[in-house]
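*Asks:* Chain order of the listed sequences is A and B. If you read the first sequence in the numbering used here, its first letter stands for residue 1, the second for the next number, and so on. If you read the second sequence in the numbering used here, its first letter stands for residue 1, the second for the next number, and so on.
Quick caveat, the hints were computed from the structure, so don't treat them as lab data. Note that the Cβ used here is the ideal one computed from N, Cα and C, for glycine as well. One thing to keep in mind: the hints can contain errors.
Stated by the list, open to error - Far from chain B, by Cβ distances over 10 Å, these chain A residues were calculated:
1. D64
2. Q92
3. A135
4. I219
5. P291
6. G353
7. D401
8. F532
9. R538
10. G545
11. A562
12. A569
13. W608
14. H699
As the list claims (entries may be wrong) - Not everything, but these chain A residues come out facing chain B in the computed CB check (under 7 Å):
15. H88
16. A125
17. A230
18. R232
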Amino acid sequence: MRRRDFVKASALTAGATVIEGCTDEEHFIIQQVRQTTLPGETVWRPGVCRQCAAGCGIQVRVVDGNAKKIEGNEAHPVNRGGVCALGHSLLQELYNPDRVLQPQRLAGARGSGSFEVATWDDAMAAAVQAVSGAAPDRIGIVARDGTGLTGALWRRFASALAAPAPTFLEAPETEVERLAARVALGTDDYPHFDIARAELVLSIGAPFADRWRSPVHYIRALAEMRRGRATRRGRLIQAEARMSLTAANADVWLPIQPGTEGVLARALAGYLLESGGVAAPARQRYERLFPSAPPTLAEAATACDIREDRLLEVAEELAGAENALVMGGGSAAGHTNGLFNVTAALGLNLLLGNLGSPGGVFSPTRVDLGRALSSTGAATPASRLAERLRDGAVDVLIVADADPVHTLPGGFGIADAIAGVETVIVLGSSLDDTAVHADLLLPISTELERFEAAEPGTTAAVAALGMTEPVIEPMGESRHPADVLIALASGLGGGVAGQFPWSDFEEVAEASIEVELARLPGGSGADASDFFDEALERGGVFGEGDPAGAPPGPSGAGPQPAGGRFEGAPNDYPFVLLPFESVRSGTGRAANRPWMQELPDPLSTVMWNCWVEIAPADAEELGIHDQDLLRITSPQGSIELHAVVDPASRPGVVSVPLGHGHSGNGRYAEGRGANVLTLVGSSLVDGTSAPAWAATRVHIERLGEGELVRFGRSYEDMGHDEVIPVGWAPHEPLRKTNPEKSV
Amino acid sequence: MTRWGMVIDTDRCTGCAACMVACHAENNIQTVGEVEAGKGRAMHWIRIERYYEGEFPDIKVRFQPVMCQQCGHAPCEPVCPVYATYHTPEGLNAMVYARCIGTRYCANNCPYTVRFFNWFSPDFPQPLERQLNPDVSVRSAGIMEKCTFCVQRIQGAQDVAKDEDREVRDGEIRTACSQSCPAEAIVFGDLDDPESRVSEFAEQARATRLLEELSTEPSVIYMRGGR
Numbered sequence: 001m002r003r004r005d006f007v008k009a010s011a012l013t014a015g016a017t018v019i020e021g022c023t024d025e026e027h028f029i030i031q032q033v034r035q036t037t038l039p040g041e042t043v044w045r046p047g048v049c050r051q052c053a054a055g056c057g058i059q060v061r062v063v064d065g066n067a068k069k070i071e072g073n074e075a076h077p078v079n080r081g082g083v084c085a086l087g088h089s090l091l092q093e094l095y096n097p098d099r100v101l102q103p104q105r106l107a108g109a110r111g112s113g114s115f116e117v118a119t120w121d122d123a124m125a126a127a128v129q130a131v132s133g134a135a136p137d138r139i140g141i142v143a144r145d146g147t148g149l150t151g152a153l154w155r156r157f158a159s160a161l162a163a164p165a166p167t168f169l170e171a172p173e174t175e176v177e178r179l180a181a182r183v184a185l186g187t188d189d190y191p192h193f194d195i196a197r198a199e200l201v202l203s204i205g206a207p208f209a210d211r212w213r214s215p216v217h218y219i220r221a222l223a224e225m226r227r228g229r230a231t232r233r234g235r236l237i238q239a240e241a242r243m244s245l246t247a248a249n250a251d252v253w254l255p256i257q258p259g260t261e262g263v264l265a266r267a268l269a270g271y272l273l274e275s276g277g278v279a280a281p282a283r284q285r286y287e288r289l290f291p292s293a294p295p296t297l298a299e300a301a302t303a304c305d306i307r308e309d310r311l312l313e314v315a316e317e318l319a320g321a322e323n324a325l326v327m328g329g330g331s332a333a334g335h336t337n338g339l340f341n342v343t344a345a346l347g348l349n350l351l352l353g354n355l356g357s358p359g360g361v362f363s364p365t366r367v368d369l370g371r372a373l374s375s376t377g378a379a380t381p382a383s384r385l386a387e388r389l390r391d392g393a394v395d396v397l398i399v400a401d402a403d404p405v406h407t408l409p410g411g412f413g414i415a416d417a418i419a420g421v422e423t424v425i426v427l428g429s430s431l432d433d434t435a436v437h438a439d440l441l442l443p444i445s446t447e448l449e450r451f452e453a454a455e456p457g458t459t460a461a462v463a464a465l466g467m468t469e470p471v472i473e474p475m476g477e478s479r480h481p482a483d484v485l486i487a488l489a490s491g492l493g494g495g496v497a498g499q500f501p502w503s504d505f506e507e508v509a510e511a512s513i514e515v516e517l518a519r520l521p522g523g524s525g526a527d528a529s530d531f532f533d534e535a536l537e538r539g540g541v542f543g544e545g546d547p548a549g550a551p552p553g554p555s556g557a558g559p560q561p562a563g564g565r566f567e568g569a570p571n572d573y574p575f576v577l578l579p580f581e582s583v584r585s586g587t588g589r590a591a592n593r594p595w596m597q598e599l600p601d602p603l604s605t606v607m608w609n610c611w612v613e614i615a616p617a618d619a620e621e622l623g624i625h626d627q628d629l630l631r632i633t634s635p636q637g638s639i640e641l642h643a644v645v646d647p648a649s650r651p652g653v654v655s656v657p658l659g660h661g662h663s664g665n666g667r668y669a670e671g672r673g674a675n676v677l678t679l680v681g682s683s684l685v686d687g688t689s690a691p692a693w694a695a696t697r698v699h700i701e702r703l704g705e706g707e708l709v710r711f712g713r714s715y716e717d718m719g720h721d722e723v724i725p726v727g728w729a730p731h732e733p734l735r736k737t738n739p740e741k742s743v
Numbered sequence: 001m002t003r004w005g006m007v008i009d010t011d012r013c014t015g016c017a018a019c020m021v022a023c024h025a026e027n028n029i030q031t032v033g034e035v036e037a038g039k040g041r042a043m044h045w046i047r048i049e050r051y052y053e054g055e056f057p058d059i060k061v062r063f064q065p066v067m068c069q070q071c072g073h074a075p076c077e078p079v080c081p082v083y084a085t086y087h088t089p090e091g092l093n094a095m096v097y098a099r100c101i102g103t104r105y106c107a108n109n110c111p112y113t114v115r116f117f118n119w120f121s122p123d124f125p126q127p128l129e130r131q132l133n134p135d136v137s138v139r140s141a142g143i144m145e146k147c148t149f150c151v152q153r154i155q156g157a158q159d160v161a162k163d164e165d166r167e168v169r170d171g172e173i174r175t176a177c178s179q180s181c182p183a184e185a186i187v188f189g190d191l192d193d194p195e196s197r198v199s200e201f202a203e204q205a206r207a208t209r210l211l212e213e214l215s216t217e218p219s220v221i222y223m224r225g226g227r
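Whole structure, please, built from the sequences with the hints as guidance.
*Replies:* Set out below in structure tokens:
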């Protein structure tokens with residue numbers, strides 16, 4: 001039963017005893033209401049997880065109006081029933097003790113974090129006044145993601161105001177990966193990789209079993225590749241400077257020198273071209289992309305700092321595999337030469353002849369429900385917004401469900417520049433690093449409390465659109481962010497209000513479905529209203545079958561081969577800094593959730609804190625022991641962190657997880673660790689507007705002893721029983737080593 | 001007769017830790033905070049053990065999820081002076097929280113270190129307590145706890161099957177860790193049913209159990225092999 005019907009029926013049940021002659025439909029609805037509200041009974045309701053851009057489908061267990069547990073929706077093509085750690089922890093965003101549940105108005109100095117409660121009427125009146133009083137070109141809009149209906153609504157709003165297009169805070173490498181796919185494969189977005197049916201996957205930088213793009217989807221595909229077929233087990237080769245969770249799961253790990261990923265891909269292409277197994281059309285297409293002669297494996301071995309015999313083994317395996325595919329992205333996209341690196345990686349697929357074939361690469365499938373709302377895909381890059389903020393060219397800044405102060409590089413200077421903005425309006429649910437700078441903080445509902453329509457940020461095998469009704473009633477006075485936007489537009493009146501004729505987001509979704517019906521999977525010839533109701537019951541609109549559609553191939557010449565540049569001279573700043581997303585902290589959204597704070601990182605096993613991973617040889621040279629407090633300094637700034645001496649770290653490279661070091665954000669998050677992005681400068685990836693977040697060098701100084709809470713043991717304390725000798729027999733039972741005793 | 005068992009395919013497991021949070025959510029497990037966690041008191045009924053193999057650059061990592069192995073000959077059971085931990089007819093090492101007096105003998109005797117003691121009563125600041133699972137007791141200070149194979153889910157499925165006058169079907173019961181696992185690395189079922197998926201796995205050459213030489217007869221089977 002739809003929410004609207006529910007509300008109607010709730011009103012009816014109140015007076016049901018005095019209403020004579022209820023119609024059958026009303027009677028049915030009343031019964032439904034009673035059935036779904038039995039005390040203590042479990043009801044499962046479909047939802048959409050919006051904790052990252054993947055947009056997995058979920059099922060939520062509801063008892064007595066409270067959400068108890070999240071499981072995966074097996075019908076959703078992205079996750080097929082799986083849920084990640086972050087997805088589970090959505091319940092602790094919903095019921096967070098520090099959640100903001102009433103509109104707040106600044107009651108002290110800007111940035112002091114001192115607010116007073118306001119009514120929604122007053123808060124909206126203030127927001128309308130601020131927006132209507134500002135010159136359109138002096139308005140800035142930041143929203144969380146540009147996909148789907150919500151992104152389209154923000155675009156439409158900016159365009160109706162004649163303000164600059166919104167800035168969407170997608171993962172910084174996403175733009176690079178998208179552009180590289182366009183150049184190398186001719187697709188309009190990052191393609192679908194049929195990992196599950198591949199025999200060999202070479203991933204150049206893409207940490208797809210970590211928190212990158214669509215973790216549940218990729219982890220499932222990796223498991224299927226290995227153990228989903230009775231006949232053979234697929235293999236994964238990971239070329240990445242850091243031992244990520246993906247590299248930890250690889251059959252072969254190539255710990256490559258950061259910034260040389262493109263050289264590796266080009267040298268492998270050279271081997272494939274020389275080996276004679278490449279058909280002439282494929283060769284021509286590749287040479288259109290990269291006309292110059294590729295480097296040899298020997299040259300690549302020197303540049304990438306990997307033994308030549310290991311490169312040769314990988315090249316031979318790639319050339320000999322029946323169904324091989326190559327992915328690229330992640331940190332390879334975060335260097336200044338990221339576009340070259342990823343284009344070179346994706347271009348290898350042309351030579352492998354896997355476009356549109358099982359175990360290969362497919363064109364992305366997008367529903368793009370929002371295209372009727374906003375025809376332009378326009379967006380202002382974060383770097384451009386930062387420039388506008390620094391130049392004092394923004395009077396009113398609207399931030400919706402995003403934390404630009406925390407998630408953009410320190411070199412962008414957002415934290416300082418935001419102080420110069422006249423009015424900052426934040427739609428959020430916590431007092432995060434951006435919200436503390438707000439004049440108005442408007443509380444928004446989580447995805448469990450609102451009508452949701454979300455497209456996966458990364459395409460699965462078939463088209464998908466998650467669409468669900470609210471799973472539970474909203475907490476406090478929180479409202480749907482899109483409903484706040486619609487109310488703001490209405491309040492502004494005139495042409496802007498005319499562009500937003502709907503009463504709420506559900507109406508927008510229903511209208512959009514009606515317009516796009518014929519194009520949607522199963523929509524052709526269907527009744528729009530029935531289609532909509534069935535989609536809500538199922539949890540969305542999902543395509544079926546195997547992936548189809550071969551990428552068209554290169555759209556022209558690729559970027560010129562280039563090496564990566566790093567901020568900071570090697571003599572002053574000897575280490576390359578690699579920020580990364582840990583499954584326990586992501587980009588910082590989950591920092592105030594106790595489950596996630598107490599979750600050990602799978603590799604370092606650190607809990608409740610942030611750390612820096614350093615190779616044993618480097619640690620020894622600098623006199624650093626595990627847990628020591630270090631000062632990490634880049635040309636941009638400096639932070640203090642505890643050391644994790646990591647046997648899998650590449651010497652000369654240090655890695656720090658993102659998402660720590662919040663200035664506020666609640667009792668579990670505040671004051672823990674430091675934000676590694678404050679060390680990152682303002683460099684952009686060449687040929688794009690994306691920040692080069694893996695292009696910084698740092699200096700490390702030991703400050704003294706420290707303490708780091710771990711679930712397992714440190715490398716120094718392990719002795720030998722946790723380090724298994726090479727040649728360990730696969731069927732021999734593993735000796736279990738005890739982590740710290742609990743008693 | 002039923003004997004509940006679990007199969008974990010370590011070649012599928014990526015160590016993503018989704019099972020750990022799923023377990024916390026399902027079983028009302030408290031978080032203890034940084035200070036207590038630093039004393040080794042974090043309560044993860046299921047944990048991901050991480051092993052390194054070799055040295056850089058030829059270094060590999062293996063992950064192994066470990067929870068209560070629900071031993072057939074459980075070292076934890078005979079040492080409990082008040083019979084708070086006992087063996088159920090279906091092969092579970094059950095905990096009767098109301099009987100537990102917190103001697104911690106069971107935890108000392110467990111070779112897998114999967115038992116956790118509540119040093120303090122849990123604190124779920126409002127409104128976090130609204131998430132608590134009504135099917136699972138919240139344990140107070142002085143009580144020992146551990147993985148139950150999600151016994152509340154087993155009982156729930158058995159109730160439904162009884163109402164429908166049938167046996168519980170293979171795959172009908174999924175523990176929280178198994179249901180959440182993106183890689184489908186964890187399978188739960190009846191080891192005494194030769195047709196069940198867990199039995200099928202148990203017979204394969206890749207199957208092994210932890211610390212077999214102790215003759216604890218664990219009900220958790222690990223599938224080895226791969227990388």
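*Asks:* Holds or violated: the hint that A125(A) contacts chain B, with Cβ atoms closer than 7 Å.
*Replies:* Violated - the Cβ of A125(A) stays beyond 7 Å from chain B, reaching only about 29 Å at its closest.
*Asks:* Let's test the interface hint: is any C-beta of chain B closer than 7 Å to that of H88(A)?
*Replies:* 4 Å, holds
*Asks:* Using Cβ atoms and 10 Å as the threshold, tell me whether G353(A) really stays out of contact range of chain B.
*Replies:* 27 Å, holds
*Asks:* D64(A) clear of chain B by more than 10 Å, beta carbon to beta carbon?
*Replies:* 8 Å, violated
*Asks:* Can we confirm that no CB of chain B comes within 10 Å of the CB of A562(A)?
*Replies:* 25 Å, holds
*Asks:* When you look at the beta carbon of P291(A), is every beta carbon of chain B farther off than 10 Å?
*Replies:* At about 33 Å from chain B, P291(A) clears the 10 Å cut-off, so the statement holds.
*Asks:* Examine each Cβ of chain B, and state whether all of them lie more than 10 Å from the Cβ of A569(A).
*Replies:* Fine: 26 Å to the nearest Cβ keeps A569(A) off the interface.
*Asks:* Checking a non-interface call: every C-beta of chain B should be farther than 10 Å from the C-beta of H699(A). Is that right?
*Replies:* 22 Å, holds
*Asks:* Does the CB of A230(A) sit less than 7 Å away from some CB of chain B?
*Replies:* Where the cut-off is 7 Å and the nearest Cβ of chain B is about 11 Å from A230(A), the hint is violated.
*Asks:* Hey, does I219(A) actually stay past 10 Å from chain B on C-beta?
*Replies:* 4 Å, violated
*Asks:* A cut-off of 10 Å on Cβ-Cβ distance, and W608(A) was said to be off the interface with chain B. Does that hold?
*Replies:* 4 Å, violated
*Asks:* Confirm or reject the statement that Q92(A) sits farther than 10 Å, beta carbon to beta carbon, from all of chain B.
*Replies:* Its Cβ does come within 10 Å of chain B, the nearest being 7 Å, so this is violated.
The structure fails to meet hints 1, 2, 4, 13, 16, 17, 18 from the earlier list, while all remaining hints are met.
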